[in-house]
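**Student:** Chains as they are written, first to last, in this note's numbering: chain A, 4 to 329; chain C, 11 to 332.
No lab work stands behind these hints, which were simulated from the structure alone. Fair warning: there could be bad hints in the mix.
[Unchecked claim] Pairs of lysine to aspartate or glutamate, DMTMM-like flavour, derived with a Cα cap of 20 Å: (1) A:LYS129 with A:ASP219; (2) A:LYS152 with A:GLU250; (3) A:LYS152 with C:ASP303; (4) C:LYS244 with C:ASP171; (5) C:LYS131 with C:GLU50; (6) C:LYS131 with A:ASP100; (7) A:LYS164 with A:ASP100; (8) C:LYS222 with C:GLU211; (9) C:LYS133 with A:ASP100.
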Amino acid sequence: MKRSEKIMVRRPLPSEWLRKNISTVGPVVAAIVIIGIFQVINPVFLKYQGIITLVYAMSYFLIAACGLTFVIMMGSFDFSVVSILKLSALICVLYIDRLGLLVIPLALVVSVGFGFINGILFAKLKVPSFMATLGVSIVVEGIALYLSKGFLHMLTDKTFKSLTVTFIAGLPSILYWAIGICIICTLIAIITPFGRRIYAIGGNPIGAVLSGINLDRYRIYVFMLGSFLAGLAGVLYMSQLGGGSVELGADMTIPLFASVVAGGTALSGGVGGPHKTLLGVIIITWIQAGMLMLGYGREIQMVVFGAIAIIMGIATIDRRGIKFVK
Amino acid sequence: MKTPDRKKLILSIISQTIKIYPVIFILIAFVVIFSSLYPERFLTSLNFSSILRQFVTLILFSVGPSIVVVTGSLDLSYVGIWMLGGILVWVLTPIIGIFSILVIPLLGLATGFLIGIIHAKAKMPSFILTLSLLVIYSGLTATIAGGIPRIVKGYDFITADFIPGIPTAFLWAIPIIIAAIYIVKRTRIGIYLYSIGSNEEGARLAGINVDKYKIMAFTISGLFSGIGSVIIFKNQGGSVPIMLNLNTVVYPLVAIVLGGTLLVGGSGGPHRTILGALTFTVIIRGLTISFLDPTMIQLIVGLLLIASIVVGSRGVKGVMVT
């Protein structure tokens, strides 16, 4: 009797605890190791100027990655994040002279509209999410190209610029935007019924339907949320950058995806969340900035991010529940 | 009495064909539209030959992936094989001479096998796996090339003129297409691939080694992409691109979907992709020579992709899409 009680209250062994929490511990350890390595190689990194650079590189990326996290949590994939970010940024720079600050709601509404189309194509018309969003992303790229005519457009509006580059307590305000949005997303995912249902759909879609969740409606909502965050990232990115062309944000899909899976959100859905993506974004941005400082250009970075995406994608997938995968 | 019967028979054959290949309708419609709008530019031998040239590029990229799409997966690695293979040929030609062209099919074979192993054993969704691999390959290509597009010389014999007027690349494509159709339609592998595509769990229960045949599908696809890349390589003038262009990735997909191969698997195949590629080439050519704003073409391609997927996946029931 006493012995069994003892077993019941026995604290888990460190190895057991580690195995259970590997998806949380892994990214933390990886982030610390990566930060440490680059710190040793280049001590400028954690000085004030280095941190400012990293903040600028990280913040808009984090917002877009939060949106993608919701979609991946649900077991789907959104290819159109980068193109919607680009379109939203270009809408801001193209129409700010005519509309003033009203471009921000316009850009967000357009983004949410494309998210709605994604959702309808995926949920109602039963097109696989990857292909649906790929098609939408081609259309969005086409619109962006058509609107911008391929030229470089510069931003002149001071108020719009000050959204992100005002320094508060020594750090640019885009950091506070990003942190705030990441916290709100985490709260949505963890506390609200909406978030719990996204986890449920990701873990077992058929079970979610049987327990009374309106699957199609939630899928559309999540794609709209993802696109909204992509659009918001685009607005803030443009405000930070101060100008851009249709080339803006090229080749960002794989780093975005890599940062989501490196944080511990599995492709199979049902686990992870925006709070984990924060770590993934730190890892990816640090590698990006560190490699750039060491003189490795974008091409070799693509190789690294692709490798991270594949390795972390394999590592995070939960293979117990799924019978087959397409 | 005989004539009406025969008429009926012919009519029913035509209606059946249109039911199976609705894309024929679109093809005829677009040819009619473009030839009536721009007769002096569309109906020329130059345009015909450039349609054939573009068609060859498209079909050689899409014939391998359409074998994979039959199983319900996706293979986007073809552009990566083309790029990395091309730059490896550029590296190897001074060392081992003319045989270095064989590195492209070998690379395709190895890539397909690798994708198949990771996809089947580690259960990673194929589209994101192949997309990541594509980005890795393009990064490697740009790194090896040193940031400059390289031109490989010495392989002109592959596409040397054989029959005047018809691109030799087109002649090369014919046996490749026939081989792909033979594999899918006339061998046991093909039948197993269709059964895996329509019901993977059922195929497993029927005793098919699903993992083995999935790996085989990806390997065959990689090999076809590799062989195709050798021909495309010269068809494009022997230059090795170093920038990854989304359009080159998407166009073969549009051709596959337009041909009527369902993305959920279990139907279609390379024989349908021929028509899809031809239709898409005609549309692209027609749009290119039209008076349309060039920036509109991409928009139209995207809409075409969405429309053809939506039309293609109509009436698919009981499939859980993710």
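**Student:** Could you run down the list of hints and mark each one as holding or not?
**Tutor:** Against the structure, the hints:
no., hint, in the structure
1, A:LYS129 with A:ASP219, "holds (10 Å)"
2, A:LYS152 with A:GLU250, "holds (11 Å)"
3, A:LYS152 with C:ASP303, "holds (10 Å)"
4, C:LYS244 with C:ASP171, "holds (12 Å)"
5, C:LYS131 with C:GLU50, "violated (55 Å)"
6, C:LYS131 with A:ASP100, "violated (55 Å)"
7, A:LYS164 with A:ASP100, "holds (13 Å)"
8, C:LYS222 with C:GLU211, "holds (14 Å)"
9, C:LYS133 with A:ASP100, "violated (50 Å)"
In the structure shown, a violation is registered for the earlier hints numbered 5, 6, 9, in ascending order.
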